[in-house]
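2 protein chains.
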Amino acid sequence: MPLDLSASSIELTRQLCDIESVSGDEREIADEIEAALTGLPHLEVLREGDLIVARTRLGRDRRVVIAGHIDTVPINGNLPTRFETDGDVTYLWGRGTVDMKPGAAVALKLAAELAEPNVDVTWLWYDHEEVTSDLNGLARLARTRPELLDADFAILGEPSNGAVEGGCNGTMRFDVVTRGIRAHSARAWMGENAIHRAAPILNALAAFEPESIEVEGLVYRESLNAVLIAGGVAGNVIPDECVVHVNYRFAPSRSGKEAEVKMRAMFEPLGEFVLRDLAEGARPGLDDPLAKQFLAAVGAEAAPKYGWTDVARFSALGIPAVNYGPGDPSLAHADDERVAVEQITACERALREWLA
Amino acid sequence: MPLDLSASSIELTRQLCDIESVSGDEREIADEIEAALTGLPHLEVLREGDLIVARTRLGRDRRVVIAGHIDTVPINGNLPTRFETDGDVTYLWGRGTVDMKPGAAVALKLAAELAEPNVDVTWLWYDHEEVTSDLNGLARLARTRPELLDADFAILGEPSNGAVEGGCNGTMRFDVVTRGIRAHSARAWMGENAIHRAAPILNALAAFEPESIEVEGLVYRESLNAVLIAGGVAGNVIPDECVVHVNYRFAPSRSGKEAEVKMRAMFEPLGEFVLRDLAEGARPGLDDPLAKQFLAAVGAEAAPKYGWTDVARFSALGIPAVNYGPGDPSLAHADDERVAVEQITACERALREWLA
Numbered sequence: 001m002p003l004d005l006s007a008s009s010i011e012l013t014r015q016l017c018d019i020e021s022v023s024g025d026e027r028e029i030a031d032e033i034e035a036a037l038t039g040l041p042h043l044e045v046l047r048e049g050d051l052i053v054a055r056t057r058l059g060r061d062r063r064v065v066i067a068g069h070i071d072t073v074p075i076n077g078n079l080p081t082r083f084e085t086d087g088d089v090t091y092l093w094g095r096g097t098v099d100m101k102p103g104a105a106v107a108l109k110l111a112a113e114l115a116e117p118n119v120d121v122t123w124l125w126y127d128h129e130e131v132t133s134d135l136n137g138l139a140r141l142a143r144t145r146p147e148l149l150d151a152d153f154a155i156l157g158e159p160s161n162g163a164v165e166g167g168c169n170g171t172m173r174f175d176v177v178t179r180g181i182r183a184h185s186a187r188a189w190m191g192e193n194a195i196h197r198a199a200p201i202l203n204a205l206a207a208f209e210p211e212s213i214e215v216e217g218l219v220y221r222e223s224l225n226a227v228l229i230a231g232g233v234a235g236n237v238i239p240d241e242c243v244v245h246v247n248y249r250f251a252p253s254r255s256g257k258e259a260e261v262k263m264r265a266m267f268e269p270l271g272e273f274v275l276r277d278l279a280e281g282a283r284p285g286l287d288d289p290l291a292k293q294f295l296a297a298v299g300a301e302a303a304p305k306y307g308w309t310d311v312a313r314f315s316a317l318g319i320p321a322v323n324y325g326p327g328d329p330s331l332a333h334a335d336d337e338r339v340a341v342e343q344i345t346a347c348e349r350a351l352r353e354w355l356a
Numbered sequence: 001m002p003l004d005l006s007a008s009s010i011e012l013t014r015q016l017c018d019i020e021s022v023s024g025d026e027r028e029i030a031d032e033i034e035a036a037l038t039g040l041p042h043l044e045v046l047r048e049g050d051l052i053v054a055r056t057r058l059g060r061d062r063r064v065v066i067a068g069h070i071d072t073v074p075i076n077g078n079l080p081t082r083f084e085t086d087g088d089v090t091y092l093w094g095r096g097t098v099d100m101k102p103g104a105a106v107a108l109k110l111a112a113e114l115a116e117p118n119v120d121v122t123w124l125w126y127d128h129e130e131v132t133s134d135l136n137g138l139a140r141l142a143r144t145r146p147e148l149l150d151a152d153f154a155i156l157g158e159p160s161n162g163a164v165e166g167g168c169n170g171t172m173r174f175d176v177v178t179r180g181i182r183a184h185s186a187r188a189w190m191g192e193n194a195i196h197r198a199a200p201i202l203n204a205l206a207a208f209e210p211e212s213i214e215v216e217g218l219v220y221r222e223s224l225n226a227v228l229i230a231g232g233v234a235g236n237v238i239p240d241e242c243v244v245h246v247n248y249r250f251a252p253s254r255s256g257k258e259a260e261v262k263m264r265a266m267f268e269p270l271g272e273f274v275l276r277d278l279a280e281g282a283r284p285g286l287d288d289p290l291a292k293q294f295l296a297a298v299g300a301e302a303a304p305k306y307g308w309t310d311v312a313r314f315s316a317l318g319i320p321a322v323n324y325g326p327g328d329p330s331l332a333h334a335d336d337e338r339v340a341v342e343q344i345t346a347c348e349r350a351l352r353e354w355l356a
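So the sequences go chain by chain: A and B.
Per UniProt numbering: the first sequence ends with 356, consecutive numbering throughout.
Per UniProt numbering: the second sequence ends with 356, consecutive numbering throughout.
For the record, the hints were derived by calculation from the structure and aren't laboratory data.
Since we're looking at a predicted model, the values are computed, not measured.
Among these hints, one or two may not hold up.
Distance condition first, Cα-Cα at most 25 Å in a straight line; then the derived SDA-like pairs of lysine to any residue [to be verified]:
| no. | chain 1 | residue 1 | chain 2 | residue 2 |
| --- | --- | --- | --- | --- |
| 1 | B | Lys262 | A | Ala234 |
| 2 | B | Lys262 | A | Arg63 |
| 3 | A | Lys262 | B | Lys262 |
The following label-pair restraints were derived from C-beta to C-beta distances [as the list claims (entries may be wrong)]:
| no. | chain 1 | residue 1 | chain 2 | residue 2 | range |
| --- | --- | --- | --- | --- | --- |
| 4 | B | Arg187 | A | Thr38 | 54 to 62 Å |
| 5 | A | Val274 | B | Asp150 | 16 to 24 Å |
| 6 | A | Ala234 | B | Asp88 | 54 to 62 Å |
| 7 | A | Arg349 | B | Pro269 | 56 to 64 Å |
| 8 | A | Gly59 | B | Gly235 | 41 to 49 Å |
| 9 | A | Asn76 | B | Arg187 | 19 to 27 Å |
| 10 | A | Ile75 | B | Asn203 | 41 to 49 Å |
| 11 | B | Arg187 | A | Arg349 | 46 to 54 Å |
| 12 | A | Gly217 | B | Asp277 | 57 to 65 Å |
| 13 | B | Gly235 | A | Ile75 | 34 to 42 Å |
| 14 | A | Asn203 | B | Thr144 | 28 to 36 Å |
| 15 | A | Arg276 | B | Ser133 | 38 to 46 Å |
| 16 | B | Val261 | A | Ala207 | 30 to 38 Å |
| 17 | A | Thr345 | B | Pro269 | 35 to 43 Å |
Don't be surprised by glycine CBs; every beta carbon is placed ideally from N, CA and C.
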């Protein structure tokens, strides 16, 4: 059954959720979105894989990207959706009802209905957000058709409980490796114990006091943690290697390079430092006039985003970007994922007012 | 071809080596040993699985067990054996030439030839020494027919370079487990890091100064080591568990219970203590008159054994026991395992003189 864009954004959320679209299986939902928008006279509709772009070409002096992903994490007995009430609150329950079919539904409804928004809008629904970064639809578009992402401001419809979350921390992963010499543990003194040599690394991590750094009015809380540790060969062998895998989340005031220099200074004296992964943070960009205007219009409070999100991809392109969408992010990926339907309506109303 | 017990102990070693007998595959070599001994009028020959016992019943007031295992670690292109010379030294090369076919061959030759030793002798060739303890042939006999192990003194023909190695350290393995609370590493402060909590455990291990303890004139060197460490769930999750697996090798002056009390006192304040494995040490027993007489007769120096060996099984039965055999123990299990043939002859001569 084709999507009904004249239905409410709540109903449209339900329709989108009931089209299963676990990452890698987005073709059907992309087909439906493309079909629903094609033929609307105020939109140019383009497709790249299972990513759909619909944009106005009104010659406004500002352009905004409003984007959201259409894939979900795997289903676990939580489709089809159903409505349920809890006290006075009505919820839509099921996979994708938080992350992030409501944001995609609101965008779809507004794309169809707002023929003359006060800024040009590039509406965007993309695939493969819930899996490894190299498959990410937005990243793919930035490589293949970056001109389609040109804009002065971007909004990602990720669940944020209706608040505006700006920027994000950077994240970096690295190994600190200690070495030793193997020996039979019955003659331990013939060897050198690499696990014992990891003690100063754990001491440094346990004693580290992470900073909280204010960036453009938002406070980003940093963290530094061993997330994995592995060492040893067998129960009777003195271990010759121990690997501590560390995750550093750093405020967007630091570049990735600066974060790396800081970590190398701290850990290179303690072991071999092997950088595994580095993603730049994103400044919130809330001092941009369009962002200020958006905040005022939607009447939402700004908060820092801690997790790395696709906001950082816009930031890397020089476009201020925020997360703004219905749904409680702590329920994302949960088996009892559900959204208070009033949040969907509120989000639609706020965006509509800002764009009208 | 049947074993030729009239050949030299060097030649007999070669014959035993060329019968492949990796642990679990000892039937053929046990058959050959049984066949070679059966019918000799001065010996009572018994079989239990692939373990062969041959004993004199001369009514002597002292009885000695002389035992050796007949299995080897897996073959790795190192059979059949060959003789090779290196300078003035002639070697027999190949799997089992050190661990421990020469000891088994010397015992076999002397069992056949010494019809009237000055003590009663229980000769013993057993299976499954190179694998887990629950399969060990000697342990099986101690369970099923302990009376066959009755003796005043025991000699294991394990390679000891012709020295006498007395007793052995005990060994104990335990986990020290720290717990935390999982959280997404982007919001690390919502969790508690179990790996960081392992820092005091590694500090205690790194700072520990193991003792050296003299027992009956031999100095046993202790050791305490983390041999394995593992913690963490994924690169973006604060870990909720870290397991440090520790091996404590303790002098035979301590009972296993005492060793456990010591380790619990040290580590229980730092994490959950889980005992995994405990094997008592064995006192050298070299103050026993028979042991002293044996040492004087073979003219060998006594040294402590560090690794846990089957000597401890005799010790547990109250029988003083030592390792004494041809071959350099550092070549045991090596692909270039080889024995200086002169060591075989020397060992045979010393045992023959002591028993005659």
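Pairwise beta carbon distance, valine 261 (chain B) to alanine 207 (chain A), judged against the given window 30 to 38 Å = Given a distance of about 32 Å, which is inside 30 to 38 Å, the answer is holds.
request  = With respect to the beta-carbon atoms only, verify the hint that glycine 217 (chain A) and aspartate 277 (chain B) lie 57 to 65 Å apart.
outcome  = Distance hint for glycine 217 (chain A), aspartate 277 (chain B) holds at roughly 58 Å.
ask   = Straight-line Cα separation of lysine 262 (chain A) and lysine 262 (chain B) no greater than 25 Å?
value = violated, 41 Å
key: Distance restraint evaluation - asparagine 76 (chain A), arginine 187 (chain B), Cβ atoms, bounds 19 to 27 Å   = Between asparagine 76 (chain A) and arginine 187 (chain B), where Cβ atoms are some 23 Å apart, the hint holds.
key: Range hint 38 to 46 Å (beta carbons of arginine 276 (chain A) and serine 133 (chain B)) holds or violated   = holds, 41 Å
query = Taking the CB of arginine 187 (chain B) and the CB of threonine 38 (chain A), does the distance hold inside 54 to 62 Å?
reply = violated, 41 Å
key: Outcome for the supplied range 54 to 62 Å, where the beta carbon pair is alanine 234 (chain A) and aspartate 88 (chain B)   = violated, 39 Å
task = Take the C-alpha atoms of lysine 262 (chain B) and arginine 63 (chain A), compute the straight-line distance between them, and say whether it is at most 25 Å.
result = violated, 71 Å
message = If I claimed the Cβ atoms of glycine 59 (chain A) and glycine 235 (chain B) lie 41 to 49 Å apart, would that claim hold in this structure?
response = Since glycine 59 (chain A) and glycine 235 (chain B) have Cβ atoms about 46 Å apart, the given range 41 to 49 Å holds.
task = Look at the Cβ atoms of arginine 349 (chain A) and proline 269 (chain B) and judge whether their distance stays inside 56 to 64 Å.
result = Holds, at about 58 Å.
task = Confirm or reject the claim that arginine 187 (chain B) and arginine 349 (chain A) have a C-beta distance inside 46 to 54 Å.
result = violated, 30 Å
key: Status of the given 16 to 24 Å range, CB of aspartate 150 (chain B) versus CB of valine 274 (chain A)   = The hinted range 16 to 24 Å is violated for valine 274 (chain A) and aspartate 150 (chain B), with Cβ atoms some 60 Å apart.
Hint check: violations occur at hints 2, 3, 4, 5, 6, 11, 13, 14, 17; the rest are consistent with the structure.
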